[in-house]
Each structure stands twice: as structure tokens, then as C-alpha cells.
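Colleague: For the record, the sequence lines run as chains A and B.
Those letters in the first sequence? Residues 1 to 109, by my numbering.
Those letters in the second sequence? Residues 1001 to 1350, by my numbering.
Hints listed in this document are in silico derivations from the structure and should not be mistaken for laboratory results.
Please note that the accuracy of each hint is not assured.
[Stated by the list, open to error] With a straight-line cut-off of 27 Å between C-alpha atoms, the simulated DSS-like cross-links for lysine-lysine are:
{"no.": "1", "chain 1": "B", "residue 1": "1106", "chain 2": "B", "residue 2": "1152"}
{"no.": "2", "chain 1": "B", "residue 1": "1106", "chain 2": "B", "residue 2": "1048"}
{"no.": "3", "chain 1": "B", "residue 1": "1125", "chain 2": "B", "residue 2": "1028"}
{"no.": "4", "chain 1": "A", "residue 1": "83", "chain 2": "B", "residue 2": "1153"}
{"no.": "5", "chain 1": "B", "residue 1": "1250", "chain 2": "B", "residue 2": "1125"}
{"no.": "6", "chain 1": "B", "residue 1": "1028", "chain 2": "B", "residue 2": "1228"}
{"no.": "7", "chain 1": "B", "residue 1": "1048", "chain 2": "A", "residue 2": "83"}
{"no.": "8", "chain 1": "B", "residue 1": "1106", "chain 2": "B", "residue 2": "1153"}
{"no.": "9", "chain 1": "A", "residue 1": "83", "chain 2": "B", "residue 2": "1144"}
{"no.": "10", "chain 1": "A", "residue 1": "83", "chain 2": "B", "residue 2": "1215"}
{"no.": "11", "chain 1": "B", "residue 1": "1028", "chain 2": "B", "residue 2": "1048"}
{"no.": "12", "chain 1": "B", "residue 1": "1250", "chain 2": "B", "residue 2": "1200"}
{"no.": "13", "chain 1": "B", "residue 1": "1267", "chain 2": "B", "residue 2": "1228"}
{"no.": "14", "chain 1": "B", "residue 1": "1106", "chain 2": "B", "residue 2": "1228"}
{"no.": "15", "chain 1": "B", "residue 1": "1103", "chain 2": "A", "residue 2": "83"}
[To be verified] Covered stretches of chain B, going by a simulated chain A footprint (3 or more residues, C-beta under 8 Å):
{"no.": "16", "region": "1087-1100"}
{"no.": "17", "region": "1199-1206"}
{"no.": "18", "region": "1266-1275"}
{"no.": "19", "region": "1333-1343"}
We put the CB at the ideal spot given by N, CA and C, even for glycine.
Each chain, written out:
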Amino acid sequence: MTDIKIHITDREGTTHEVDAPTDMNMNLMEIVRSYELAPEGTIGICGGMAMCASCQCYVESNHELPEMSDDEDAMLAEAFNVKETSRLGCQLHIHPELDGLRVRLAPEE
Amino acid sequence: MITTDILIIGAGPTGLFAVFEAGLLKLKCHLIDALPQPGGQCAEIYPKKPIYDIPAFPEVLAGDLVDNLMKQIEPFQPGFTLGERADTIEKLEDGSFIVTTNKGTKHHAPIVAIAGGLGSFEPRKPQLENLSFYEDNGLAYMIKDPEVYRNKKVVIAGGGDSALDWSIFLADIASEVTLVHRRNEFRGALDSVDKVQELKNAGKIKLITPAEITKLEGKEKLEAVHLKKGDETTRLEVDSFIALFGLAPKLGPIADWGLEIEKNAIKVDNSLDYQTNIPGIYAIGDVNTYPGKLKLILCGFHEATLMCQSAYQRIFPDKRYVMKYTTVGGVTGFDGTKKEAPKAVVKAIE
Chain A
1 MTDIKIHITD REGTTHEVDA PTDMNMNLME IVRSYELAPE GTIGICGGMA MCASCQCYVE
61 SNHELPEMSD DEDAMLAEAF NVKETSRLGC QLHIHPELDG LRVRLAPEE
Chain B
1001 MITTDILIIG AGPTGLFAVF EAGLLKLKCH LIDALPQPGG QCAEIYPKKP IYDIPAFPEV
1061 LAGDLVDNLM KQIEPFQPGF TLGERADTIE KLEDGSFIVT TNKGTKHHAP IVAIAGGLGS
1121 FEPRKPQLEN LSFYEDNGLA YMIKDPEVYR NKKVVIAGGG DSALDWSIFL ADIASEVTLV
1181 HRRNEFRGAL DSVDKVQELK NAGKIKLITP AEITKLEGKE KLEAVHLKKG DETTRLEVDS
1241 FIALFGLAPK LGPIADWGLE IEKNAIKVDN SLDYQTNIPG IYAIGDVNTY PGKLKLILCG
1301 FHEATLMCQS AYQRIFPDKR YVMKYTTVGG VTGFDGTKKE APKAVVKAIE
């Protein structure tokens, strides 16, 4: 299996079920961009270096996620609209265990 | 008034390389950038990070790439207006442009090349009520003149280098410095963190973590901030609140120049020369968009090169020119320097 299903709720509140490839070294931010679920220029601004919070999302399912790196933790400490479930999409790599993941995009800053 | 041939807005890698390509065509460039140093994102966001997709550089640090570009364009003596944001543009009757910055500096050129990347870097603002009322009225997002804070009660918020550095600096100037951050951990140079710890122990900086400012208060000007730590909110009387939450790029005033905008970027004619819908204004690098656009430094270099050829034809419509290889023509700087390939030596064998 090379694709998994991910449920992404966009900033307007619409939920999309999308297929995400697990063999292309992609992250969640890039999946959102590839399906154009947020306008270009409003997500992934730093390119995926955990240096902006434009790809912040709230994880709504109980998947086991990779631990936060110091970079991600520090960025979320400075971001706005942060909740307990906040993660940076660019730091969530797409792999088979994330099948069925549900996330909601945080509002634009 | 600063006059030049090509006025480049944005001094990132694409804008810098445009100076080189323009120089080969004997066109002078001047660059405007909102940041105080050239290099754009490479210098501001990730100078110590490697880039692996610059042709012929298996690996190069973003900061080194900028240094190399600065060295490459040195013979062409570019002018710089740094720390100022290009705000307005005016098209004159002869088709040339006057671009004015937020500080009133005027630039005149027949060609404008926007190489603005993601836009100009502006301070990130906290999400508080009546923010604009207190701006420059007790609330600041950057420190221009530290003397303003002499003998004042200052609250600084943020967890990065600028919050740490300014807390240290103002500890000797302000009557009271309180540093507030949402976490106990600070992301900054290790010796800055140690220094703040030292000043805290010596009672010269008040450190409140994990906490955040939730409300600003004051009738005419800022008089107090509300500070939330855990479930408790306290009121703190202050003269100044300095919010240092880093910088975020914004397309900014360029968006109002009458240019066709799509996907937060400027639409250009990629089949020809990267010109925008306004003749004489080009957009190159991350700031532009066209079918199949990729925001890569190497694409910016290509776009800058084609833009310069088109700009030359626009400035000199009656002159014929064909592109010349640097290996053949060498590089003749405006500073009198000349680099060229060594001549072949012919010697007979007897």
C-alpha cells in the first residue's frame, strides 16, 4: 500500500478525504498544498523548516504522532491560536501508521 | 532622488543575481529591501541551513550563498536602500517609474524588477484588543531608539533572540524590565539565555514564565498590561510593552500597485520575459506566478537573466544585441576591474 486516507478540515470548515502517498517523503503541509486546500502563500510559507506557523493544525484523531522536535515546540510557543492538540503540518511525515488521520487547519494568523 | 537603470525591489538571491546579469549588459542596479541586510530569507530566516539544489554546489549554506552572490556582483557596484519598504510607485509620462519607500526615499528608473520573495518582513503582532490604539503609544514591535526606555517600566514578550537580547540591553537602561514568555524554555543563543539567567538572579530582570499578556489597558496611552500565568491573571503597571514575536512576510503595499495578483503572487508572462501586466515592471523569483511555477532559487536565477535581456531591449529599443558568454567576453566591472579567460599560448616545437 502506498496511499493512506487523511481527513483534512480546511479553514472554511469543509472536510476533505484525500489520498496521501507514503513513498514520496511528503509531510502533511505538502499534502494540503498538493490538494490546494488552503490558498498558496497562506500555508508552508517557510517551506517546511518549522520556522513559521502557517501550517499549524489541530489533530482530532488518536493517532500516535512523532514526538515534537525542539524547533517545532519553540515555534508553537510563539504561534497564535495554539491548543493542546496543535502540531505543525510540515513536521508530520506521511507514513502508513497515519492512515485515517483527522486534522483541522488552524486559522490564518 | 536615486537614479538607476533597473530598480530591484528585494535583495534576496534572485534580486542580487539580477545585478550580475544586468551588469553584463552595462545596466546599473539599485536594490530596496525592508530588511537591514541583503540576502532576503536566506540571511534572515535560515543563514546556517544548507541548500542542496543550487547547480554545481553539492551543498551550500544559505548565508554563504548570499556572501558569494555579493562577491559576484561587487564589480557592478549596486546601490542599496536597506531597512526601507517600497511603498508607492508612480509612472511618469516617459514610461519611467518613481518608487518611494516608507521613509520617503525616492528612486527613479526606467525598469522596475520586483524580486520581493514572499513580501517584506513585518513584525508578527499579538492578537489583543485595541492593538492599533496603543501602537507607538506605549506598544512597540521593534526597538528603534533604546533611550526612549530610560528609567521606564518595560515589559518584553517573546522567546527568541531579540526578546533575550533586548531584555539584556534594557536591563541597564530601563528602571524595570519584565520578560514574559509562554514557555519556560527560550529559543536563543545559549550565552544570551545564560546572561538573562544571571540578570534574573541579580534581580535586574523579572522573568515570568510560562505566561502571556492577555489585555492592554490605558485611557490616553498604555498604562498597564494584564498577565495570565496558569489560571491567575495579574495587572502590571507599565510604561511600555514591547512584543517581539519575530517577523512574518507580507506582500504589503505592492499588492496595491495595480499588478495582477494570483495565489498571493504577481502574474507574469513566463513565455516571454517575466513582465507583469504593467509594461516596464517585471516580477522575478518567489514573488511571481505562472503555470508550472516553482519557488526555487535556481528558477529565480533563470528568471532574472531573461528579465535583464528584456529590460535592455526596452531601454534601448533600437540597439541590436546578442547574449555573450562570460568565458568569451569576460566580466568588466563598473569599478574598472576586468576578469577574463587567459589567452591561449601559441608556441612552436622545434
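Colleague: Please list, smallest to largest, the hint numbers that this structure does not respect.
Modeller: 1, 2, 3, 4, 6, 7, 8, 9, 11, 12, 13, 14, 15, 16, 17, 18, 19
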